[in-house]
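Those sequence lines, one after another, are chains D and W. So that you can map any letter, position 253 of the first sequence is 253 in the working numbering, and since no number is skipped, the others follow by simple counting. In the working numbering, each residue's number is its place in the second sequence (first place is 1) plus 653.
The set of hints was computed from the structure by calculation and includes no laboratory data. Heads up, a few of these hints could be off.
What the hints assert, rightly or not - Computed cross-link-like contacts, DSBU-like style, restricted to lysine-lysine with a CA-CA straight-line distance of at most 30 Å: (1) K803(W) <-> K724(W); (2) K858(W) <-> K93(D); (3) K26(D) <-> K739(W); (4) K198(D) <-> K655(W); (5) K752(W) <-> K57(D); (6) K26(D) <-> K874(W); (7) K853(W) <-> K611(D); (8) K655(W) <-> K601(D); (9) K26(D) <-> K841(W); (10) K842(W) <-> K820(W); (11) K812(W) <-> K852(W); (12) K831(W) <-> K866(W); (13) K852(W) <-> K611(D); (14) K198(D) <-> K820(W); (15) K668(W) <-> K77(D); (16) K874(W) <-> K198(D); (17) K606(D) <-> K869(W); (18) K57(D) <-> K655(W); (19) K205(D) <-> K803(W); (20) K812(W) <-> K842(W); (21) K801(W) <-> K724(W); (22) K852(W) <-> K820(W); (23) K57(D) <-> K71(D); (24) K205(D) <-> K218(D); (25) K648(D) <-> K812(W); (26) K752(W) <-> K842(W); (27) K866(W) <-> K883(W); (28) K874(W) <-> K610(D); (29) K77(D) <-> K831(W); (30) K648(D) <-> K752(W).
Stated by the list, open to error - From the structure, some residues in chain W lie toward chain D, with a derived Cβ separation under 10 Å: (31) I693; (32) I696; (33) I760; (34) D762; (35) M767; (36) L795; (37) N798.
Yeah, the Cβ is synthetic: ideal placement off N, Cα and C, and Gly gets one too.
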Amino acid sequence: MNQEQIQQLYESGEINEYFYNQILRKIGLLPENVIESYIDEARDMSALGIDNAEDQKIFFYILLHTDDILKCILEEKTHFYQFLPQISDIIFKNRKEYPIDTMMNFYMAVTNAAEQIGLPLKKSIINELQQMPEEIQQCIRDKQAGIKVAYPQGWGGDNIKKPYDIKKWMRATRDIYMMAEDLGYQDAFEHVTENWDKMEQQDYKHWLSFYQENAHNKYKKAQKVYTNDYGYVLPISHDNLKGALPSPIKQPKDKFKEEERKIRERQDVNDARERIETQRSKIISRLNSAEKLLSSLDGQLFAGDNQERMLELLQDLKRRVQTANKLRAQSSLFEDFIYRTANYCLAEGNKRGAKFFYKIAQEKDNLESAKDLLGDGPDLEGDLEGAMEGASDMPEMPDDIPMEDELVVPEEPGKGEVEPEKTETQKAFEEFFSRLESGVHNDFDKDDELYVDDSFLFSTAQQAQAPPPKPVEPIEVAEDPKDSHNKGTEAIERALSSVNIYDLINHLEYLSAIFKRRELSRQLAIADLMMDRLGIGSYFPSLGEASRSALDSNQYISTRVEEILSKIRGTVAQDTDELFEPEQSAGANELGEALEKEQEKEEAAKERRKKMREQKEEAKFTKEPPVGGAGEQATQELAQPAQVEQGKPIPTR
Amino acid sequence: MKLTEILNLLVELSKEHNTSTPYITGGVPRDKLLGRLSDIEDIDITTGDSTVHDLARVFWEAVREQGGDYKVLPDGHAHVVIEGMKIDFSSNYRAPGIKEYLQKAGIKDPSEIMMELYSRDFTVNSLLMTMDLKTIKDITGLGVNDIKRKLIRTNLPAKITLTNNTKRVARVIYLAAKLGFSVDDEIKKFIISNPDIIKKDVKPKFLEDQFAKAAKYDEDKTVELIDELKLWSYVHPIEPLVPYMMKGRL
């Protein structure tokens, strides 16, 4: 075949322009028999009206898949291959009425073509076609023809088969949930739906997620009736009832007992809380009295230079008692607060203050416990005398400052001795302490029922700790300043001698918790609210600045502490034995080494990153060819000669 | 980054992390012998054993700041794309029973790299190049000869190689069209007698891509091969091949 012959075919109308151009391109390139075969086909396709690539594509789709569909719809052992071109032609010609844009439509188109030719369809296909009511068939035809129709009337839809077997899906769901524990949900899903059709798999996935997301309950239906616990139907919701409904039905005894027990527990808890509240208010009032006393002239004389510090501690103590968790508290909590404050005073070297607070707590045995704390240190009472002597040198402190010994109830006059005349101050303090004693005595009795068994309450208030004490200031007494400094240093040394890594971690965790609570900012906000209430907020704009600074500093410190904590935690070995032997502080050296190694690694990584960044910067200024695939540069690099080492071939066949 | 810098970095990382010696394999040594360096699409790296996965990871960590992409593909191989250059790290695939097969063939103690090379698809893709780009090693002894003869041949019998990974059937046509090579008779015989194998476990999109790429390189060669292997029924109507699709061919 040459070009002239092809032209003749075109001019005679046997092939159209589209195929004429196609064939011209192939002449000389394809074998002769192929060209001839192509021309034959071009004639057929031209006759069908195929004159563009799209139609040609559709035609070949039909050729490709029609035989598979025919195998599905025709009776077995039907020979249809000789009819294949005819059927393909019919499908192609009817493609507007029976489009092949979807699998379903393609099936319909092939079925229609097979019916027209008279090929025997499978009985199930026939049954389906026959069962489909005429109205539905007409609807499908109309829809295919582009005629809009409403849904068919008077047809319940019972004959429409469900696309999928829901029971199979339910079984699959059960299997997936059973396997998910071992394999994980995704793997279980893939395993169960392994051999499923892709479309079914996707639909099943959507169906499953619809129910998993509870989308079927998304739109709340109006609820007009409610049932109570006993099965009665009521026209109103439970939430609207103010009282419990009586029930005529006798409940089993166990249920009543259970309910009674619950009610009793609730009452116990409420009682305990009430009693703790009462105790709290009593302590607050006592602390208020102590504060008044301490801030008076007598108080100043008593406390001396420590007055400010003691007042600060007292106010802090008061605040803590006021803001302690009201839901979860033990009755001994407030006692602990007071003891802690007393211990801080003792740690600061303010024994007078410590006794003051111990008195408030009304623990007379504390004198001995204070001695234990100090170890071999000077006798507390001896110190008192020394303080007395020192105190006498101070111009502002009168000689008659009442001390512990002097506050002891004097001997009865009946023994023949004359009572010494007491000063006003002494009387005032005696009265104060007696008031404290009488007021507290009944409340701190260990046998008191106030000591509630709160095992069912989760007490977290114990974790609340007072802020650490301020650095010790030298006391202005006639002692050698060096001695007091040494004592302070020794006390600190003793306290820190047994510290270990875990103490540090605990302390940092405690600090982190404090900063996370943002207590300072909260208290400032409360003060702001109070000012606003009193109408003086506008006169103190600096409070807003203070709040903001408090928040910023809080955040800054919290972040830094967290960083330190995570680093230390990361470098400490999680050896459980160590947890039970916290007194060993051997981990400090290893910790230091581990931290140093980590720092070196980080610096090496930083150095490497810096180097790469510099290289990148340099590369920006050097002109490099655009890289595609391996790049021109790579091409040049690969172009250098290479030696070939050939091994001995091994017979693998 | 230059290619030599990348290769040097890989060598350093390999020593630092005690992986086996890395080599370049796949298309690069083949195309170098053919003188087709402008066609290089990516650089394939292998160590012969599973340490190649560690090498891929540490390489990525070393270059991640320079941007690029790290991905592990479903067949187990990883690639790192950096500055337009794609570095493919072998999946370390082993054909089932390869060790016993090589022992029967006379190799008493086949090394890891030998087992990996024989598990690869074709002899022309089973060469190794050292990272300094100075030496090409043909451990199977078949690759260099087949490149000279311009022949696409499998390392193991075609039945084994093509059944282990059915994507290789379409790749026969693609490579033959790309390189202008002929196809070994054993491969042709196997495909003709098992035409369905071309679509077994293979997505239609993959087949379309391979045929489209092959037709782009050499349309006539592609058509010739499809004719010879009688694969028209499996060819989707893609643009360059539609004109060739005829009833007689289906």
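Against the structure, the hints come out as follows:
Restraint check for K803(W) and K724(W): the C-alpha separation of about 34 Å exceeds 30 Å, so the hint is violated. Using a Cα cut-off of 30 Å, the hinted pair K858(W) and K93(D) holds, with the two alpha carbons roughly 29 Å apart. With a CA separation close to 38 Å, the supplied pair K26(D) and K739(W) exceeds the 30 Å bound. The hinted pair formed by K198(D) and K655(W) fails the criterion: a straight-line CA distance of about 45 Å is larger than 30 Å.
The suggested pairing of K752(W) with K57(D) is violated, with an alpha-carbon distance near 48 Å, which exceeds 30 Å. For the proposed pair K26(D) and K874(W), the alpha carbon gap of about 14 Å is at most 30 Å, so the pair holds. Between K853(W) and K611(D) the CA atoms are separated by roughly 50 Å; this puts the pair beyond 30 Å, and the hint is violated. Between K655(W) and K601(D) the CA atoms are separated by roughly 27 Å; this keeps the pair inside 30 Å, and the hint holds.
At most 30 Å may separate the alpha-carbon atoms for a hinted pair to count; K26(D) and K841(W) meet this at roughly 26 Å. Pair hint K842(W) plus K820(W) holds up; C-alpha atoms about 17 Å apart against a cutoff of 30 Å. For the given pair, K812(W) sits about 15 Å from K852(W) by alpha-carbon distance, which is consistent with the 30 Å threshold. With a CA separation close to 8 Å, the supplied pair K831(W) and K866(W) stays within the 30 Å bound.
Pair hint K852(W) plus K611(D) does not hold up; C-alpha atoms about 50 Å apart against a cutoff of 30 Å. A hinted pair counts as satisfied when its Cα atoms are at most 30 Å apart, and K198(D) with K820(W) qualifies at roughly 21 Å. For the proposed pair K668(W) and K77(D), the alpha carbon gap of about 67 Å is over 30 Å, so the pair is violated. Only pairs whose Cα atoms come within 30 Å are accepted, and K874(W) paired with K198(D) is rejected, the gap being roughly 35 Å.
A distance of roughly 48 Å separates the Cα atoms of K606(D) and K869(W); the hinted pair therefore is violated under the 30 Å criterion. Pair hint K57(D) plus K655(W) does not hold up; C-alpha atoms about 46 Å apart against a cutoff of 30 Å. Our distance criterion of 30 Å between C-alpha atoms is broken by K205(D) and K803(W), whose separation comes to about 50 Å. About 10 Å separates the Cα atoms of K812(W) and K842(W), which keeps this hinted pair within 30 Å; it holds.
Of the supplied pair hints, the one linking K801(W) and K724(W) is violated, its CA atoms being roughly 35 Å apart against a limit of 30 Å. The suggested pairing of K852(W) with K820(W) holds, with an alpha-carbon distance near 8 Å, which does not exceed 30 Å. Taking the CA atoms of K57(D) and K71(D), the gap is about 22 Å. The hint holds against a cut of 30 Å. About 19 Å separates the Cα atoms of K205(D) and K218(D), which keeps this hinted pair within 30 Å; it holds.
Using a Cα cut-off of 30 Å, the hinted pair K648(D) and K812(W) holds, with the two alpha carbons roughly 23 Å apart. Distance restraint check for K752(W) and K842(W): the Cα-Cα separation of roughly 26 Å lies within the 30 Å cut-off, and the hinted pair is therefore satisfied. At most 30 Å may separate the alpha-carbon atoms for a hinted pair to count; K866(W) and K883(W) meet this at roughly 19 Å. Straight-line distance between C-alpha atoms of K874(W) and K610(D) comes to about 52 Å, which puts the hinted pair past the 30 Å bound.
Distance hint between K77(D) and K831(W) is unfulfilled; the C-alpha atoms sit about 44 Å from each other, more than 30 Å. Restraint check for K648(D) and K752(W): the C-alpha separation of about 18 Å stays at or below 30 Å, so the hint holds. Interface hint at I693(W): satisfied, since its Cβ lies 4 Å from the closest Cβ of chain D, which is below the 10 Å cut-off. Hint status for I696(W) relative to chain D: holds, with the closest Cβ pair at about 6 Å, below 10 Å.
Proximity of I760(W) to chain D holds as hinted, the smallest CB-CB distance being about 6 Å (cut-off 10 Å). Contact between D762(W) and chain D, as hinted, is not supported at the beta carbon level, the nearest pair being about 13 Å apart and thus beyond 10 Å. With 10 Å as the threshold, the beta carbon of M767(W) comes within range of chain D, its nearest partner Cβ sitting at about 9 Å, so the hint holds. The beta carbon of L795(W) is positioned within 10 Å of a beta carbon in chain D (closest approach about 5 Å), and the interface hint is therefore held.
For N798(W), the interface hint holds, the least distance from its beta-carbon to any beta-carbon of chain D being 7 Å, beneath 10 Å.
When each numbered hint is compared with the structure, violations occur for hints 1, 3, 4, 5, 7, 13, 15, 16, 17, 18, 19, 21, 28, 29 and 34.
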